[in-house]
Amino acid sequence: MHRASLYILLFSVALLSAFGIVMLASTGYYLEEGEKQTYATMNNQATWLGLAVVVAVVVAFLNPEKLYEYRWWIFGVALVGLVMCYVPFFAKEINGARRWVSLHSLGLDRPSFQPSEVAKLAIIIVLAGWFARYEPLTREFIGGFVKPGCLLAVTVLLIAGEVDLGTAALVTAVGVSLMYVAGTRWYYLAAVVVAAGGALGLAIRLTPNRVARIMAFLDLEKYKDEIGLQQWRALMALGSGSYEGVGAGDGRMKRGFLPESETDFIFPNVGEEHGLYGTLLIMGLFISVSIAGMIIAHRAPTRFMRLVAVGITVTLALEALINMGVTTALLPNKGLPLPFVSYGGTNLLFAMISVGILVAIHRKSFGTVARKDLLETRRGGMRAATHGAHSL
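With my numbering as the guide, the letters of the sequence shown map in order to residues 1 to 392.
Warning: the hint list may mix true and false statements.
In silico DSBU-like links for lysine-lysine, alpha-carbon gap of 30 Å or less [unchecked claim]:
(1) Lys334 with Lys92
(2) Lys66 with Lys147
(3) Lys224 with Lys334
In case anyone wonders, no lab produced these hints; they're calculated from the structure.
Please work from the sequences and hints to get the whole structure.
Structural data, given as structure tokens:
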């Protein structure tokens with residue numbers, strides 16, 4: 001079962017990534033009459049996918065304990081990236097959000113990357129390292145809650161300040177989950193959840209656009225031509241696909257009717273073109289990734305590796321769950337990509353790096369189990385030989 005979890009993980013991620021390329025080819029298929037087809041979005045994603053796979057393979061063959069060794073450096077790089085989003089020379093603002101760092105300012109060809117993607121992985125590594133290093137302090141208020149909580153709070157506040165409440169909420173949920181698994185007392189974490197909920201509510205109340213999004217969520221039909229347009233049309237896309245879908249490349253909503261149809265709202269395109277069966281396949285693949293990740297975490301040979309595997313698995317599962325919840329109007333509209341499927345180089349790269357880390361942990365734990373079995377076999381043989389000698 002342990003080895004099977006690796007195959008399930010790799011197979012599921014490969015299918016999700018391939019599905020993403022197919023859907024991006026579909027979203028680029030529609031053109032106004034007379035335009036030349038370039039498939040630029042699909043080609044860019046395929047390039048990022050190739051790079052991401054190479055990096056993930058390299059990571060998979062590294063010793064995961066190196067992450068523990070360099071955890072503070074990784075966390076520091078993530079914080080520097082987040083701070084760069086506040087510096088006008090580096091920051092790239094899109095739709096009022098400063099989530100991107102322009103690479104043109106660094107003399108590179110690629111337009112931008114998202115430091116929050118680095119931070120999502122870095123906070124997992126640094127928290128796992130903290131609870132591995134200070135395991136005896138886990139149940140204490142200062143060592144098990146306040147200090148690791150400060151690491152989480154700094155990261156979340158920097159992300160939230162970029163006007164990215166979706167990622168900030170995701171990082172908070174993952175951080176709290178990791179602290180709970182590590183052994184932090186539940187009532188400390190309950191206070192964090194209440195405080196975070198209050199802060200989120202205040203942030204929404206102070207921003208008219210966010211208030212409008214909540215109103216649209218509560219009465220989507222009333223606001224279907226205004227702030228609720230995106231979610232309303234997402235539901236139309238999902239509904240029109242029925243069970244089998246309208247066929248690959250034949251969807252209507254991607255033709256300018258559904259904003260962000262290749263990024264945060266790619267899931268409704270899947271439903272429109274491939275129907276309920278297509279959406280259930282995507283959901284099933286993410287469930288498979290989650291189960292495989294938790295099996296790897298359960299078998300991890302050290303506390304640090306176990307917590308890293310749990311954090312990565314929860315991140316991938318929650319991000320997918322939130323994306324599907326938003327695009328089916330079960331959650332208020334807040335942009336988060338669908339891992340491995342949505343268009344976006346930085347998200348794809350770090351999702352693949354996360355998978356590479358899971359593979360590295362599996363390799364380490366599988367090697368540990370194999371060595372234990374070998375030792376047991378040798379001991380058994382020695383006991384049998386000794387028993388035989390005494391019998392003589």
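Report task. List in ascending order the numbers of the hints, as given earlier, that are violated by the structure. Result -> Every hint satisfied by this model.
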